[in-house]
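Below are the chains, spelled out letter by letter.
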Amino acid sequence: DAKTTQPPSMDCAEGRAANLPCNHSTISGNEYVYWYRQIHSQGPQYIIHGLKNNETNEMASLIITEDRKSSTLILPHATLRDTAVYYCIALSGGGADGLTFGKGTHLIIQP
Amino acid sequence: GAVVSQHPSRVICKSGTSVKIECRSLDFQATTMFWYRQFPKQSLMLMATSNEGSKATYEQGVEKDKFLINHASLTLSTLTVTSAHPEDSSFYICSARGRGISRETQYFGPGTRLLVL
Chain A
7 DAKTTQPPSM DCAEGRAANL PCNHSTISGN EYVYWYRQIH SQGPQYIIHG
57 LKNNETNEMA SLIITEDRKS STLILPHATL RDTAVYYCIA LSGGGADGLT
107 FGKGTHLIIQ P
Chain B
182 GAVVSQHPSR VICKSGTSVK IECRSLDFQA TTMFWYRQFP KQSLMLMATS
232 NEGSKATYEQ GVEKDKFLIN HASLTLSTLT VTSAHPEDSS FYICSARGRG
282 ISRETQYFGP GTRLLVL
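Protein sequence lines correspond, in order, to chains A and B. The letter at position 7 of the first sequence is residue 13 when you use my numbering, and the numbering goes up by one with no holes. The letter at position 29 of the second sequence is residue 210 when you use my numbering, and the numbering goes up by one with no holes.
Worth flagging that the hints you see were computed from the coordinates, not collected in a lab. Hints may contain errors.
[To be verified] Just a few of them, taken from the derived set where beta-carbon distance is under 8 Å, the chain B residues facing chain A:
id, residue
1, F215
2, H266
3, P267
4, S270
5, I274
6, L296
Heads up, the beta-carbon is just placed ideally off N, CA and C, and yes, glycines get one too.
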């Protein structure tokens, strides 16, 4: 699976949009981009995933560049409960393999 | 939908004893379950993958005789830490994927915190 690179930490004001970037320049054509987050002392929570097209669900939007070398997770109206470590993971095989977690981005929502 | 539970949520045991952790998919059939562990201030590390009715596949460096995994049904997998030692103290988390939900997505349990004295 392709390596992903994320900034180690980010701050965002409560109520504003949080934009979390991820680089995956070596991603292959059959690898999906997945986003999970882990709130302190809990199991990871699935957020969203995509292959080529932008995706949106009730939690977030995922914007994937046309060359698929990077993506951005957008939390449209961040709340204090969105403070967590966010992981961007490239995964092939339709999700059959276990996930390789990097260090992620520690997003801190400021009141 | 796609709820995964774990039991117990935390356990303290004496060195040398065995501890069993259960992972259940509550509203879907988990054809594949994964076990991870997480040490303080580190990311999750995959330990093993198990498919229902098959033997688990362990990641390099994970002792299969120490970490026994059973995936006997489509809703239950167990991880038994045998002869636990203080260095096995960690946060153990399972995930599952399967039928009736998004096939490509893994859903995680809340984790089990193990402390070996």
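How the hints compare with the structure:
no. : hint : result
1   : F215 : holds, 5 Å
2   : H266 : violated, 23 Å
3   : P267 : violated, 20 Å
4   : S270 : violated, 14 Å
5   : I274 : holds, 5 Å
6   : L296 : violated, 13 Å
Consistency note: the structure conflicts with the earlier hints numbered 2, 3, 4, 6.
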